[in-house]
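2 protein chains.
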Amino acid sequence: MAGKAPTEGPLTADELQLATRNRGMPLEALRYDVTPTGLHYLLTHFDIPAVDPSSWRLEVKGRVEHPLSLSLADVRARPAHTIAVTLECAGNGRARLHPRPVSQPWLVEAIGTAEWSGVPLRDVLGAAGILPGALELVFTGADHGVQGDVEQDYARSLPLAQALRPEVLLAYAMNGRPLEPQHGAPLRLVVPGWYGMAQVKWLRSIEAVSEPFEGYQQSVAYRYQDDEADRGEPVARIRVRALMIPPGYPDFLTRQRYVDAGSVLLQGRAWSGAAPVARVEVAVDGRWEDAELEPPLGEHAWRGWRYAWRATPGEHALSCRATDAAGNAQPVQQHWNYQGMGNNLVQVIPVTVRSGR
Amino acid sequence: MAGKAPTEGPLTADELQLATRNRGMPLEALRYDVTPTGLHYLLTHFDIPAVDPSSWRLEVKGRVEHPLSLSLADVRARPAHTIAVTLECAGNGRARLHPRPVSQPWLVEAIGTAEWSGVPLRDVLGAAGILPGALELVFTGADHGVQGDVEQDYARSLPLAQALRPEVLLAYAMNGRPLEPQHGAPLRLVVPGWYGMAQVKWLRSIEAVSEPFEGYQQSVAYRYQDDEADRGEPVARIRVRALMIPPGYPDFLTRQRYVDAGSVLLQGRAWSGAAPVARVEVAVDGRWEDAELEPPLGEHAWRGWRYAWRATPGEHALSCRATDAAGNAQPVQQHWNYQGMGNNLVQVIPVTVRSGR
Chain F
1 MAGKAPTEGP
11 LTADELQLAT
21 RNRGMPLEAL
31 RYDVTPTGLH
41 YLLTHFDIPA
51 VDPSSWRLEV
61 KGRVEHPLSL
71 SLADVRARPA
81 HTIAVTLECA
91 GNGRARLHPR
101 PVSQPWLVEA
111 IGTAEWSGVP
121 LRDVLGAAGI
131 LPGALELVFT
141 GADHGVQGDV
151 EQDYARSLPL
161 AQALRPEVLL
171 AYAMNGRPLE
181 PQHGAPLRLV
191 VPGWYGMAQV
201 KWLRSIEAVS
211 EPFEGYQQSV
221 AYRYQDDEAD
231 RGEPVARIRV
241 RALMIPPGYP
251 DFLTRQRYVD
261 AGSVLLQGRA
271 WSGAAPVARV
281 EVAVDGRWED
291 AELEPPLGEH
301 AWRGWRYAWR
311 ATPGEHALSC
321 RATDAAGNAQ
331 PVQQHWNYQG
341 MGNNLVQVIP
351 VTVRSGR
Chain D
358 MAGKAPTEGP
368 LTADELQLAT
378 RNRGMPLEAL
388 RYDVTPTGLH
398 YLLTHFDIPA
408 VDPSSWRLEV
418 KGRVEHPLSL
428 SLADVRARPA
438 HTIAVTLECA
448 GNGRARLHPR
458 PVSQPWLVEA
468 IGTAEWSGVP
478 LRDVLGAAGI
488 LPGALELVFT
498 GADHGVQGDV
508 EQDYARSLPL
518 AQALRPEVLL
528 AYAMNGRPLE
538 PQHGAPLRLV
548 VPGWYGMAQV
558 KWLRSIEAVS
568 EPFEGYQQSV
578 AYRYQDDEAD
588 RGEPVARIRV
598 RALMIPPGYP
608 DFLTRQRYVD
618 AGSVLLQGRA
628 WSGAAPVARV
638 EVAVDGRWED
648 AELEPPLGEH
658 AWRGWRYAWR
668 ATPGEHALSC
678 RATDAAGNAQ
688 PVQQHWNYQG
698 MGNNLVQVIP
708 VTVRSGR
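Sequence order for the protein chains is F and D.
The first sequence begins at 1 in my numbering and counts up by one.
The second sequence begins at 358 in my numbering and counts up by one.
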């Protein structure tokens, strides 16, 4: 990723500008099965574009038998599906890495779950008729800007087999309401299980191509790189993670947590883009025990967990970690990479337990 | 405000934690008359509390003839009003001050306009019957935490005369929908013209008192102080401000703007809590000219403005500033204060104009 090199230095003015524009989900909102729309995380690369839904068209082109130009009414006329999907920014956890890659400085809050409604992508692709030789689909949004000295419309590709999965949606509604502009109105891609970069917003065109797409957001950004010279591996599915609702009540400035001694129900959510969540563990002061899993919310959404803690006065460190059915587990030591992608390091919450209240 | 002293140093980890929790409005959203709900600014002192609307009650007590305990249905049964209101955090602009007060590090984005629906506060106060000798009303929310070493429920007061103004609402809906949790569900106070600290969310009680309220958020926080020892003056109404939609398109990391040479329509919004906006001026490279004002959106909401610019290739600095009908104008040099309150310093946007495209 062209730009500034990772640093051990303090947060820069560029990172602060990004942090005040983009939006994390405060962790107490892990209490909601479905994140209230206004609390879902948001990462906008360039500006939120102004798209007029009445003149908007979706072009389906390239290696297709029948190129399509669809109005929003055309899309909405097709049979609709609704799926609960947990999304996470691939850069979540970046600002907890040492040295710190210089970009949007997420700690752990770039997450959210919504009920997305729309048309399965494969239905539209079926109508267009993908021709033999098509390898990938390139999705291009209306958002435009410069990144790494490259002027670009935001664009990402998916391999054909991924794009044809039944859960991949062209979504026009979120939580039962038309998309708000910042979530990609009038139409966006939703690829359950994949990190946020795949979820192209303000979608304008879908092109079937016979060569691997080499756009900036595919071949330069969103790579697991060891260093700047490393081509790296593409970022794809969401790595397994559990997060905890910070218990008790906070200090405004430091966010230090205060908990009253006695029975405390620790709760949170866990998810993985690779396989269902199989296990969540909680540690109090480093001693790991199994948490109780709640019924799944859906195949592509986070799963609740709970753990009863008998809190004793003093300072304690609370942690949680998840393992998925494919055996992926969260690291307790960081897997550093140059762009700060996919950092699912275990969360640790220091708490002060107070007695005699 | 007890806490860390203002600093010329880099952004601290505490400030980053606050910046990733709280939410600014990206300035391109100045294009909307009414801010999409999920783009409105949010400053949450402690945690967003979990309030069960079915058991929730609003207590009206203290120096009243008829203490009330109202359910949400009781509140909703009264005649409803809807008002468009521009809200702004009193700390907006804090991180642009030198030295920088250490708290939520807003640049300029802690703003938003919504259509709030609810019951005029004075109707409920009329039903309770304010007794002679009542001086202020104390509004207490369900949000709880520690600030400046003081454990507290968030609470603020209003002088009786302010509380009785017809535009002050007990609001249960925002933009035509029930409040989302983060905006104060099930009921919040909306005090048009005042900075955000007066807009008590998750409202639980209203108490009529005969002495000035001395709670933390009234007597310690939200003061215009010269230094820590200064008692200072209370923060109250929103200072006059204009902001511009950054024109052209951005660089992802630096947010540097690129504009194509030729005719560019500069647009934005202006507001003041003291009086209607009377004038907006735009400067290109320091030369001020009047912008054109759009029709007012309402008495308590921002007003659109526009200015046609003939952009010539090269580097330029764009600014805007507003003046209200009471003669208040924005400063071009900062009015520093210890807590970083009410910084309405003029915005400056550097842009690079490109030719030959």
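Since the hints were made in silico from the structure, they are not lab data.
Because the structure is a prediction, the values reported are computed rather than measured.
Treat the hints with care, since some could be wrong.
To be verified - A few chain F residues that face chain D, going by a derived Cβ cut-off under 8 Å, partial list only: (1) Leu-16; (2) Gly-24; (3) Arg-76; (4) Thr-140; (5) Arg-255; (6) Tyr-258.
Claimed, not checked - Far from chain F, by Cβ distances over 12 Å, these chain D residues were calculated: (7) Asp-371; (8) Ala-430; (9) Arg-435; (10) Ser-567; (11) Glu-568; (12) Gln-582; (13) Arg-594; (14) Tyr-606; (15) Ala-640; (16) Leu-650; (17) Ala-682; (18) Pro-688; (19) Leu-702.
Every residue, glycine too, gets a C-beta built ideally from N, C-alpha and C.
| Hint check against the structure, violated hint numbers in rising order | 3, 4, 7 and 14
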